[in-house]
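Q: Dock chain B against the given chain A, drawing on the hints supplied.
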Amino acid sequence: MRKKLNVTGAVCTAMLAVVLGTLGFASSALAHTGEYAKFDFCPSTKAEVQKCLYSVTTGGEVVLGNKKVPIVNAVTLQGGVAAPAESGAEEDISKFFEATNGITLSKTPQPLPGGLLGIVPPESSPPLVKALSKFFFENGLTGVNSTLELAKPASEIRVSQAHIGRKEGVALKMPVKVHLENPFLGKSCYLGSSTSPITFNLTSGETAPPAPNTKIEGSSGKIEFLEEGRILRLNENVLVDNAWSAPSPSGCGGILSFLVNPVISSMLGSTTAGHNTAILKNTISIATAVAVNNH
Amino acid sequence: MNKKATRTFLLGMLAALCLGAAFTGSASASPVWKFEGKELTGTETIVGAAIDSSLTIPGLTTKCEDFLYKLTISNSAGTGKGELTELPLFNCTTSSPVCTVKSIAAEKLPWPAHLTTVSASPYIVMESVKVGILYAGAECAFGGVLVNVTGSAGGLINNTTETATFNASTLSATKTKLIAFGESIEWLGVFPTEAFEWNREKALSVS
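Order-wise, the sequence lines are chains A and B. Residues 1 to 295 in my numbering are what the first sequence lists, from first letter to last. Residues 296 to 502 in my numbering are what the second sequence lists, from first letter to last.
Hints in this document: simulated from the structure, not taken from any laboratory. A portion of the hints provided could be inaccurate.
No farther apart than 27 Å at their CA atoms in a straight line, the calculated lysine-lysine pairs in the DSSO-like style are these [to be verified]:
id	chain 1	residue 1	chain 2	residue 2
1	B	Lys472	A	Lys222
2	B	Lys425	A	Lys167
3	A	Lys222	B	Lys358
4	A	Lys222	B	Lys470
5	A	Lys222	B	Lys403
6	B	Lys358	A	Lys167
7	B	Lys425	B	Lys470
8	B	Lys333	A	Lys167
9	B	Lys397	A	Lys222
10	A	Lys215	B	Lys397
Okay, chain A solo, but in the shape it has when bound:
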């Protein structure tokens, strides 16, 4: 009898755990439908959150010194946005809130052309040469992936819907670090850190970088209203910054980092301001928290 009671108790406990687990999941990820599904991980029920943002970067490039990393795998930025400040240094700029699933900026690896050896055949090379180069230099051992990661909490991100539209000022400020991944480099090879992040001050307007970089221009994108004005989508939005600096690589090569860090550093060349570029081609969707909660 005692044994039967114990079994029943265990079953009840398990069921309770499942129910509680489901409730817990439901509170962190509200399942929306249709166009609103992309805002599933927006902290829309948080009092300070006025809008939800979901941005997918599907193209562009990040140039670090003399290494160019094209963005070939989609990167997602999602979370909540506070009401913009009405005055002061952050006028028209909003604070950002972390996505409820913890993935505010997706850790999407981008292959570094030429891999560890940095050998890139010229564009005019025959396809066979390009394929062989890719096989030898971008394989599991010598191939290098570059991943943009948030260097600080999501609350350090700043967004300005007004600046995107006006093509002036900073549209998206984001502290990031670049994770270089390869069996030789180990798991802790980074440019930038939480204490010394790379700060992207991305604009949809024109940049004013130090030399040798020259000014480049972003784009607000093509505006489109969905769901009778409840969702704003900016297609073909381009955010740019080519005035940022990146610290020297650190943690590359594990215990041999004192040897490997300088090698990576020399491969990249100078990464001081004026030598780096970020061009992010995005589709940005914005809806108010109220609209998201109601759907």
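A: Okay, now just chain B, sitting in the frame of chain A:
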């Protein structure tokens, strides 16, 4: 002077006369403001309210029931000029059930204007246009964002109906465009042209 030199001289004179005539012809083609067929001297003030006007960002049309304007006109160096000094906009609504217009205002007035001719038709071109629109609404994706409409706009002047019409084809004809969020937007507007001062109730034409 020998015969060859005389012929060359006369041909040169003829060419100069032809060029002069051509220049005079294109200069006289510049449209000017006229009242009862007479060229306006000095300045005149035109006021009116749009018969119909709407502004469309793809997916969101904004209309104002009261779209008034005040334009000071004059002729200068053979061309009609103007200055839009007032543009009060009231009772504005949107095509969205969740977006309202919290405020809308013309900024950086006066806006200069000039007359021009495209394919024999007279047009008025408004320059340095800047309108700020602040949308609101708990579910409006544009809520709380000040949208700036900037650029220039050309409208076709109809001397019979005494109106100026702005739409996609008139903006295209005058190579003008209005921009919001980095993109061209659509503006539809029909404005009556009626003098308010010295030439009140006189027929206004542009040619």
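Q: For B/Lys425 and B/Lys470, compute the direct alpha-carbon distance and say whether it is at most 27 Å.
A: holds (17 Å)
Q: Is A/Lys222 close enough to B/Lys470, meaning Cα to Cα at most 27 Å?
A: The given pair, whose Cα atoms are some 20 Å apart, holds under the 27 Å limit.
Q: Would you mind confirming whether the straight-line C-alpha gap from B/Lys425 to A/Lys167 stays at or under 27 Å?
A: holds (15 Å)
Q: Within a Cα-Cα threshold of 27 Å, do A/Lys222 and B/Lys358 meet the stated pairing?
A: holds (21 Å)
Q: Hey, A/Lys222 versus B/Lys403, does the alpha-carbon distance stay inside 27 Å?
A: holds (26 Å)
Q: Going straight from one Cα to the other, do B/Lys333 and A/Lys167 come out at no more than 27 Å?
A: violated (46 Å)
Q: Does the alpha-carbon distance linking A/Lys215 and B/Lys397 stay inside the 27 Å limit?
A: With a Cα-Cα distance of about 36 Å, the restraint between A/Lys215 and B/Lys397 is violated, given a limit of 27 Å.
Q: Is the hinted pair B/Lys472 and A/Lys222 satisfied, with a Cα-Cα distance of at most 27 Å?
A: Answer holds: B/Lys472 to A/Lys222 is near 15 Å, not above 27 Å.
Q: For the pair we were handed, B/Lys358 and A/Lys167, check the Cα-Cα distance against 27 Å.
A: holds (25 Å)
Q: Hint check: B/Lys397 vs A/Lys222, CA-CA at most 27 Å. Holds or violated?
A: holds (24 Å)
In summary, the numbered hints that this structure violates are 8 and 10.
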